[in-house]
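Student: Here the protein sequences come in this chain order: A, B and C. Per our numbering, the first sequence starts with residue -16, numbered consecutively. Per our numbering, the second sequence starts with residue 25, numbered consecutively. Per our numbering, the third sequence starts with residue 1028, numbered consecutively.
It is possible that some hints are incorrect.
As the list claims (entries may be wrong) - Here are the simulated DSSO-like pairs of lysine-lysine, each with C-alpha atoms no more than 27 Å apart in a straight line:
#	chain 1	residue 1	chain 2	residue 2
1	C	K1100	C	K1135
2	B	K261	B	K111
3	A	K18	B	K160
4	B	K68	B	K261
5	A	K202	B	K58
6	C	K1262	C	K1342
Hints are computed from structural coordinates only; laboratory data are not their basis.
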Amino acid sequence: MRPGRAIYLSYVIAALMFLAAPLVVIVWASFFADKTLSFPPSGYTLHWYARAWELEDFARGFVISLQVAVCATFTSLAIGVPASLAIERFRFPGREPLRHILLAPMYVPAIVAGAAVYLYYVQVEISTGLQLAATFPGLLAAHTLVALPWTLRLVSASLASTGSNAEEAARSLGANAFQTFFYVTLPVIRPGIIAAALFSFIASFTELELSLFLVGPGKTTLPIAIVNYLEWNLDSTIAAVATVQILIIGAALLASDRFVNLGKAF
Amino acid sequence: MFPALLLVAVFLLAPLGLILRFSLDVYDPSTLMKGVFALDNYVKLLKDDFYTGVLIFTAQIAAMSTAICLVLGYPVAYFISRSPSEKLRSILIILTVLPLLMGNAVRSAAWMVVMGSNGMINGLLLALGVISEPIKILYTPTAVVVGLVSVLMPFAIITLQSVLDSIPVSLEEAGRSLGYSPLRTMVAVVMPLSIPGIVAAGAICFCLAMNAYATPVLIGGPSVHMMGPLVFQQISKVGNWPFGSALAWVLMTVTLVMTIVSATYLNRKYF
Amino acid sequence: MAVTLKNLIKTFGELRAVDDVSISIQDGELLALLGPSGCGKTTTLRAVAGFVELDSGTVHFGDRDVTRVPVHKRQVGMVFQGYALFPHLTVAQNVEFGLKVRGWERPKVRERVAEMLDWVQLGALSERRPRQLSGGQQQRVALARAMAIRPDVLLLDEPFSALDAKLRLQMRTEIRELQRSANITSVFVTHDQDEAMAIADRIGVINHGRLEQIGSAEDLYQRPVSRFVAGFIGKCNFLEGKVTGSNRFETAAGQALQFSGDHGVGAAALCFRPEHARLAATGSAAGNSVAVTVKLVTYLGPSTEYELEADGGVKLLVTAASIEGRAARNGERMALAWRTEDSFVVAG
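Could you put together the complete structure from these sequences and hints?
Tutor: Here's what the structure looks like:
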């Protein structure tokens, strides 16, 4: 091998290792036996996983995160798929601006959006008495906002890449608009919808900045529970919790593996 | 289409409008807000060295993280884009995005484990006898940059990779056939053609770095001040809504303006 | 069923994609719409299908005015460019799609699907998915699917463009035979003149949205009405000049020539086909003849092609059967002669 290529390859490998490092470290650290994290560990144990589950903040955070993420994914699909269809398949004035408005949750910094939504919720409560901050519906709306751009982008990409040919074929064979949508469009873009569901779920499940403002005491999501814990402690418990989150994301990825082209998702 | 538009309008655009209005109000400890129109918050922000300092520091950290991401990420993106087999390619992409999908909280936790005073680096250095007592790595600006780079690099790699994919290999072969070395072909042919990708990747990294929250709070600690945590603190902890709103708008505007200006400058310079 | 298009006009912004096109297609006829890409032929086809809303004009299937009838109620069978088979359905499910949405009963559907797959000889592959089929098989599925609904008219959009050269030749014979056996009025769009000439009963040549000429392959080749048609269908030599009287033509260089057919006096071009002219040592008294210099001789197997230059730098082309031997060498001065009957004139 020429020296230039050797340097190039080691550079790439080093960069990839740097990327993978946090993942490896956190999983490894979750098995350390020592009470305070220290290197090298004196032994290995599974004890921290049990302890993590006993800590109410994590157990409840996990359940809340899962609930919100599942609901946000479904809501996002329910409103995102028709929107993508309208944008990709119909020509109308203002189509491009509309696309950008719908993707806005991706452009607006999460911390800014979080601040804005929080103050807005408070203002709504002052004016109408309707409490949104620190409630499940309030959190769900915000998480749907976070998930929506992922749904739109992935479903739109899928619609764009399949083109309208199959739909036109269905029309020429006598299918009306509804038949065309349910018998042809939906099955054809199924991989895109699965990818959209996956990424919407992950975006919601790992969402931190927006939720920070919106959760109430005792009703935090898992990432917030992790951050709150980390501000005061650093031990193997947190590593165990993190490992569980990684496992859930990994499972979601595996379940949808054959439908999702990860490189195309970003 | 309409439900989606409604969601974005009601839960994002209206709130942004509301805090724009709040930012023009004046804080009052007893009534929260006086209900006036004034530029007091923006004036305070510009006059107070602490806040301008935080803004500039945040921009510096973001710029540095972005630069490191691009330099580190470009060869990786190129390697992925030109990988010999589809299989290797998807493995590399999964390897790249998997850490991204962990979420900010978990990734910060990992870096704390690595860089903490009892952490891996210190443990390793102590065991090797390089140092006699733990050195301070965590809670420094350097640690924040390392954390941010690990957050942002996947975005840089994936963005660059998709642009590099669109540059035909035949152009490189043409370069090689004309007598250029691989490195020179890279610099003379591939890099100029990938400027749009570099700009896009840089813009994404910079935006995300400017607005980071978890990394500065957890890895930077209380002594490293950045804009994201400052916004949260003003609104949630201090309760100064007008000033917090102004900070949020300034943060968003500065991010967008800097991104757009540098992107158009680069694109115009090279295309 | 006969199909009648009357004064079709369709504009996209500034562009007149279809500009006053009228065509009568007879029952059972196979009509090709031929033209360069972007000429409006596909838009015309899509207007017949109902995918394009016309600015004006009418489309009739038999006596039925379908101009305002939406696609799915039009009863057209369409074979799309790239076929547009439903990737998530099997071959049989693709073919039965149009029957199911029409609410046919199961036994009838099954019978019809079997009949159609039999017709295209794909009965054995009915449970396959489109991606497991070769290009030619996919095309036959597309045809079976389009024909299953017993359409009034069959429309084919560049049906051979996705096939490789060899399969293309085979499929066009196959499609032609299937079309004949079903006796279905058909319109197909192509940019390939060989394809159009090989299988169509009549060819409509379209350019810039206008129907330039419609007729049999022979009509178009031997009696093109415009310079575009003359140049687009086969190769053609053009000598610029003017018509000076009945059957009399004068080239720009001032040489008098004769042509057959009628053409008004004025600026025009005299045309003749490369295979209709001969190179000789000296010009003959009968017919037309011009002095030329041989520029390039290209041996093409069955024929040999000669690139020539006449006075004034006019480029001409002649082909001769190779069996006649080499008529000239590069750089030689020769006479090019051709019959008056093979000369025609198009407007300048």
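Student: Now tell me if each hint is right for this structure.
Tutor: Against the structure, the hints:
Annotation: proposed proximity of K1100/C to K1135/C holds, straight-line Cα distance about 20 Å (limit 27 Å). Restraint check: the Cα-Cα separation between K261/B and K111/B comes to about 50 Å, which exceeds 27 Å; the hinted pair is violated. At most 27 Å may separate the alpha-carbon atoms for a hinted pair to count; K18/A and K160/B meet this at roughly 21 Å. Taking the CA atoms of K68/B and K261/B, the gap is about 19 Å. The hint holds against a cut of 27 Å.
For the proposed pair K202/A and K58/B, the alpha carbon gap of about 32 Å is over 27 Å, so the pair is violated. At most 27 Å may separate the alpha-carbon atoms for a hinted pair to count; K1262/C and K1342/C meet this at roughly 13 Å.
In summary, the structure is inconsistent with hints 2, 5 from the numbered list given earlier, while agreeing with the others.
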